[in-house]
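Chains as they are written, first to last, in the working numbering: chain A, 199 to 735; chain B, 74 to 462; chain C, 178 to 462.
Since the hints were made in silico from the structure, they are not lab data. The hints are all genuine.
Computed cross-link-like contacts, DSS-like style, restricted to lysine-lysine with a CA-CA straight-line distance of at most 30 Å:
#1 B:Lys267 with B:Lys345
#2 C:Lys317 with B:Lys404
#3 B:Lys457 with B:Lys404
#4 B:Lys415 with C:Lys306
#5 C:Lys317 with B:Lys209
#6 B:Lys157 with A:Lys627
#7 B:Lys306 with B:Lys266
#8 A:Lys397 with B:Lys171
#9 B:Lys266 with B:Lys336
#10 A:Lys697 with B:Lys159
#11 B:Lys457 with B:Lys405
#12 B:Lys415 with C:Lys390
#13 A:Lys697 with B:Lys157
#14 B:Lys266 with B:Lys345
#15 B:Lys230 with C:Lys306
#16 B:Lys162 with A:Lys697
#17 B:Lys171 with B:Lys157
#18 B:Lys336 with B:Lys346
#19 C:Lys306 with B:Lys209
#20 B:Lys162 with A:Lys627
#21 B:Lys398 with B:Lys360
#22 B:Lys370 with B:Lys345
#23 C:Lys317 with B:Lys415
#24 A:Lys397 with B:Lys162
#25 C:Lys317 with B:Lys457
#26 B:Lys157 with A:Lys397
#27 B:Lys401 with B:Lys370
#28 C:Lys306 with C:Lys390
#29 A:Lys627 with B:Lys159
#30 C:Lys317 with B:Lys405
#31 B:Lys266 with B:Lys209
#32 B:Lys370 with B:Lys245
#33 B:Lys457 with B:Lys230
#34 B:Lys306 with B:Lys267
#35 B:Lys415 with B:Lys405
#36 B:Lys230 with B:Lys405
None of the values given here were measured: they were computed from a predicted structure.
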Amino acid sequence: MQATQQVGAAGHHEDDSHGHGPTGLMRWITTTNHKDIGSMYLMFSFVMFLVGGAMSLIIRAELMSPGLQYVSPEFYNQMLTLHALIMVFGAIMPAFVGFANWMIPLMIGAPDMAFARMNNWSFWLLPPAAILLSASIFVPGGAAGTGWTLYPPLSIQMGMGMDMAIFAIHILGMSSIMGSINIVTTILNMRAPGMTLMKMPMFCWTWLVTGFLLIATMPILAGAVTMLLTDRHFGTSFFNAAGGGDPVLFQHIFWFFGHPEVYIIALPAFGVVSHVIPAFSRKRLFGYTSMVYAIAAIGLISFFVWAHHMYVTGIPLTGQLYFMYATMLIAVPTGVKVFNWVTTMWRGSLTFETPMLFALGFLVLFTIGGLTGVVLAMTAVDIQMQDTYYVVAHFHYVMVAGALFSAFAGLYYWLPKWTGHMYNEGLGKLHFWLSMIFFNVAFFPQHFLGLAGMPRRIPDYAQQFADFNMVSSIGAFGFGFSQLLVIVVVFQALRGGAKAAARPWEGARGLEWTVPSPAPHHTFEDPPAFDPAESEA
Amino acid sequence: MARNSHKNCSAMHWRRGYAGLLMAGLLGALSGAANAAWEINLQEPASALARRVYDLHTLLLWVIVVIFIGVFAVVAYSLVFHRKSKGHKAADFHENTKVEVAWTIVPLLILIAIAIPSTSALVQMRDTSQPDLTIKATGHQWKWNYEYLTGDAAGLKYMSVLATPRDQIENKAPKGEHYLLEVDRPLVVPVGKKVRMLLTASDVIHSWSVPAFAVKTDAVPGFLRDTWFRAEKEGTYRGQCSELCGKDHGFMPVVVEVVSAEKFAAWAADQKKTMAAASEDPAKVWKLDELVAHGEKVYTANCAACHQPTGQGLPPVFPALDGSKIVKGPKKDHLDRVMNGKPGTAMAAFAAQLSDTDVAAVVAYERNAWNNKLGEVIQPAEVKALRGK
Amino acid sequence: MSHPASASRYFVPAPSHWPLVGSLALLLLASGAVLAMNSSTNGGFMLLGGGFAVLVTMLFGWFSRVIGESEGGSYNLHVDRSFRWAMAWFIFSEVMFFAAFFGALFYIRVLSVPELASPEQALLWEGFKNVWPSAGPAVKDAFTPMHAWGIPAINTLLLLSSGVTVTWAHWALVANKRQQLIVGLALTILLGLVFISLQAYEYAEAYSHLNLKMTTGVYGSTFYMLTGFHGFHVTLGVTMLTVILLRTIKGHFTSERHFAFEAVAWYWHFVDVVWLGLFIVVYWL
Ligand code: HEA
Ligand code: HEA
Ligand code: CUA
Ligand SMILES: [Cu+2]
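Hey, can you work out the whole structure from these sequences and the hints?
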């Protein structure tokens with residue numbers, strides 16, 4: 199199949215950096231190549247992960263023992279806000295957009311993304327947003343200290359750092375919408391002949407639904423922060439009762455975005471895991487069709503559950519009941535996915551390379567996070583837990599051990615394809631085990647703290663919470679420093695190491711494994727013939 | 074290593090203490106051990122409703138533990154017996170409608186089963202009808218104001234502020250037993266009575282929460298929300314503001330003292346007497362030093378959190394009052410800023426929170442404290458004249 | 178005259194610096210806006226102006242490139258289909274943007290104002306009545322709400338007829354009647370411009386005579402937010418129509434291949450439909 203890629207170079211592939219075209223830094227800045235752009239997304243997201251992580255370490259250092267030690271309460275709040283915004287919008291989301299850029303064209307046999315030049319813009323919108331967010335720490339009044347939820351009227355009180363966050367969100371929103379339109383169009387319009395929707399790789403399915411969620415909800419968030427902006431500066435009263443508005447209105451709009459957002463983070467992670475588990479079980483993904491329906495159901499239901507974040511705001515009883523039932527319902531399709539993964543492994547022929555370890559870590563820890571989500575869904579119980587560390591524990595289980603572990607699984611899984619070299623398996627395994635252990639040391643005790651009543655978003659706490667906070671901080675530092683191993687692993691693989699075969703994993707399926715490793719700059723300029731044996735379906 | 078709270082914080086700040094991190098860790102572990110809690114469950118319930126929530130949570134916990142064990146027992150079996158290294162060959166099946174339907178239906182049934190007790194607990198929780206006593210709590214940055222609307226103490230109204238001294242927070246003094254969970258004047262309620270709390274706020278959203286009663290409801294500015302509890306045992310119950318409300322969100326405890334009906338009646342009568350005694354004659358003409366002395370108290374209780382006891386504030390967010398243009402400017406503007414606040418900033422309108430005398434005193438204090446030696450007196454009557462304008 | 182779809186392969190554009198220029202423009206615009214809103218110096222406005230200039234340059238450069246590629250025959254039918262998908266998704270995202278504001282209006286009218294006026298809230302807002310339009314319990318200045326059957330009704334007619342004229346222009350394009358096409362487009366643009374002018378007049382009137390401002394409680398907030406963003410979209414639509422008109426005059430588009438025209442027409446219809454929603458819920462009911 200390599201021959202197919204070489205023929206007919208006289209086509210319309212203007213992006214040809216072997217010949218003419220910019221070189222050096224300009225090559226990266228102006229590139230329209232999905233692989234370059236994918237790499238830039240991944241690198242950017244890792245840098246943001248370190249920055250956001252460093253902020254979480256400031257948080258954990260302050261929380262290591264009672265009393266105020268290192269930072270003032272205002273600065274603590276700013277770190278909290280930036281940590282969350284940077285992790286969610288700067289680290290996790292771009293990481294999966296990076297995977298999408300790299301892998302989707304390879305998986306569906308397309309020459310590039312549908313709109314290669316706009317693709318570049320989607321990426322290059324991220325740095326201005328990152329600049330705005332990080333610069334906001336240094337302006338008078340500092341960054342927004344409202345938590346990532348930006349609730350008014352607190353966000354009305356903030357200084358100009360808040361406006362910078364608002365515009366950063368606008369720009370990030372544009373980036374996400376353009377990126378999603380690109381991905382969705384690519385998936386819908388650029389599949390190799392013969393690859394029907396129900397035969398395409400699961401990662402594409404998860405991104406199709408994720409793209410839809412992003413296109414639908416990012417504009418909502420943009421609208422919400424726009425109203426904040428006019429309330430702050432132009433005297434409108436959307437969120438001010440004196441003028442007939444309602445602070446809780448913001449929460450409704452925010453969470454109408456915010457809940458789908460958490461599945462925007464989770465779904466691509468599900469996609470990656472749905473490739474890794476079958477590959478290392480040497481067995482097809484179990485229940486492809488039900489998996490697709492489950493993804494669609496999760497996407498759909500996620501629009502109708504938002505007020506489970508607002509059980510204590512005084513919404514009417516009927517509202518609480520409705521949102522409780524709707525939220526519980528999401529456990530069913532998510533359960534289907536978990537059971538499918540479990541059954542995929544059942545009677546497989548399992549090996550435990552690093553990608554598989556991270557996928558298993560994902561499976562165990564995401565399920566824990568999902569199950570505590572169900573506890574939180576029960577309104578009467580959530581009223582005890584809301585705004586306590588139980589919630590913090592819940593969402594770090596689904597986001598760090600869920601999304602982040604899955605991103606690492608993807609990284610190790612596809613690194614040979616990207617670099618042409620096998621990574622250092624020993625270091626990979628070390629990275630996994632350190633992560634797994636320290637993650638749990640850091641976040642499992644937070645369940646206990648939350649149950650015992652420790653509120654979240656506080657820089658200082660009562661004495662009875664001291665011990666578990668100490669444990670949690672030690673775990674966080676261990677977890678954080680373990681992540682530096684990734685840099686070593688990736689650099690080693692970039693610079694050399696065992697040559698990777700086109701299909702380095704025995705059980706891996708998919709068109710991406712039919713091209714050489716490292717994947718050539720241009721692939722599938724003419725659509726490949728689709729071999730159903732490469733499909734999980 | 075101790076934090077210098079009067080200086081504006083900076084991004085550099087935390088690094089200074091980095092070397093001492095380990096030390097702090099050790100110290101923390103030791104001091105923690107003194108009242109080690111290692112508490113791993115919900116707080117001991119102190120009302121029937123809280124007990125119900127507690128039991129509900131226990132039930133849920135068992136349900137999820139069983140599900141978890143069920144699922145991962147299967148995984149563990151695979152991991153042990155279906156490995157390649159044991160020579161296991163992959164089977165070739167990838168669909169089975171029967172099991173797929175089963176694992177859709179079974180979770181659904183489990184969910185329905187747990188929805189039933191959750192629903193009835195919630196319905197009980199939201200039933201605020203027929204209270205024995207109604208109290209309005211207003212969240213301010215960063216204190217609670219309690220106003221008794223009915224019952225023995227009807228008409229009584231006071232602020233409840235964190236009582237932990239600054240020194241303890243800044244690690245300059247050993248921390249007390251109820252560090253951060255103590256206030257100067259707790260909410261006092263009679264035991265066994267259904268207390269309905271009406272919640273609102275003056276500036277940003279706060280949340281009134283007492284875990285032992287399983288109550289938590291947001292105090293939203295401009296709206297009244299309600300919740301209720303019926304304490305079963307006398308004693309002191311502690312909670313914290315549970316919605317991020319700005320810099321001192323972590324320093325805004327809720328303390329409820331539950332007493333017998335007789336004690337409650339006695340307390341109410343006593344409070345009313347002190348209130349009557351303390352209520353100054355609004356027509357009284359004050360002398361400068363009396364006024365400044367009273368003003369300093371008002372300042373410490375209401376203003377120092379932001380503008381700091383030194384009057385230096387925490388610029389640029391909280392301006393210094395020492396040398397401020399407004400403070401040293403015309404009286405009227407100064408009074409206006411204190412009484413009406415500045416919308417869109419943390420500076421609240423204090424007209425509703427403070428009496429005429431308090432406003433006069435605090436303004437007089439600011440105009441004479443630190444380097445603002447203006448030597449001016451402001452009489453309550455002047456404040457009164459400005460009200461309603 | 179452009180070529181028929183000749184390219185056999187999916188077109189992947191050459192490296193381009195326009196995206197970076199666009200990002201720079203947005204960074205300038207955002208920092209300018211932050212400064213303009215938070216400090217009294219003129220620096221913010223200068224940044225805003227600079228950012229706008231860069232943005233316009235970028236749009237001009239980028240779209241010139243796209244038009245060149247299109248006219249050069251680089252886009253085959255496969256690419257054309259991508260454009261269709263993308264435009265449809267883009268309009269969907271715009272719909273959701275307006276949904277946020279319509280949702281806010283709905284919430285305010287159905288939930289927050291009635292709740293503020295309910296007996297449960299009487300302790301806080303004694304005497305506040307649940308009537309719409311409302312500026313909320315604390316804004317006391319009297320104001321006159323906007324009535325539906327004056328300018329807004331005329332504007333409705335204008336936009337509806339512009340929907341007709343743009344469709345007429347499309348028929349003309351398909352039937353290869355250039356003259357009619359140009360007239361149809363010009364009429365559409367004219368109707369759009371009259372709409373914008375009337376809207377501007379209405380705003381001036383509201384500020385000077387009706388005491389209806391952004392600060393007039395939630396009524397003013399929702400009114401200006403919804404009509405303002407709609408007006409902004411009409412302006413964008415008119416600009417895009419003008420580009421299409423100029424391209425038509427230059428001889429672009431064929432009766433079979435003219436997606437740029439269709440995309441703008443879709444967009445125009447979307448703006449039209451949003452207006453109908455506005456007319457009903459903001460002005461009429
Ligand atoms: C990746 C992100 C992610 C994901 C996937 C989820 C998944 C879920 N979340 Fe979570 N959540 C967050 C991120 C996420 N959440 C964040 C960031 C917050 C806090 C935001 C903030 O306030 O800052 C939050 C907060 C949050 C709350 C509000 C808590 C509060 O503030 O008081 C609630 C309440 O209902 C909730 C519920 C759920 C539920 C029911 C799921 C479900 O989707 C979980 C489904 C999965 C399972 C249930 C496990 C597998 C299923 C089975 C094995 C089948 C059998 C199971 C049963 C029959 C029970 N979440
Ligand atoms: C996907 C998103 C994501 C991720 C990955 C993380 C990762 C982490 N989070 Fe975060 N977190 C959130 C999303 C996320 N978080 C959100 C949404 C909130 C809520 C905010 C709010 O309330 O508004 C939150 C809040 C939050 C809190 C609660 C604070 C409070 O309520 O007061 C805490 C406390 O422990 C915490 C800790 C951590 C830790 C220890 C990690 C670790 O996993 C991080 C590990 C990584 C590193 C530590 C980086 C390693 C780098 C170095 C060691 C070197 C640094 C060097 C250079 C920069 C060159 N997070
Ligand atoms: Cu008040 Cu938090
Ligand atoms: Cu949610």
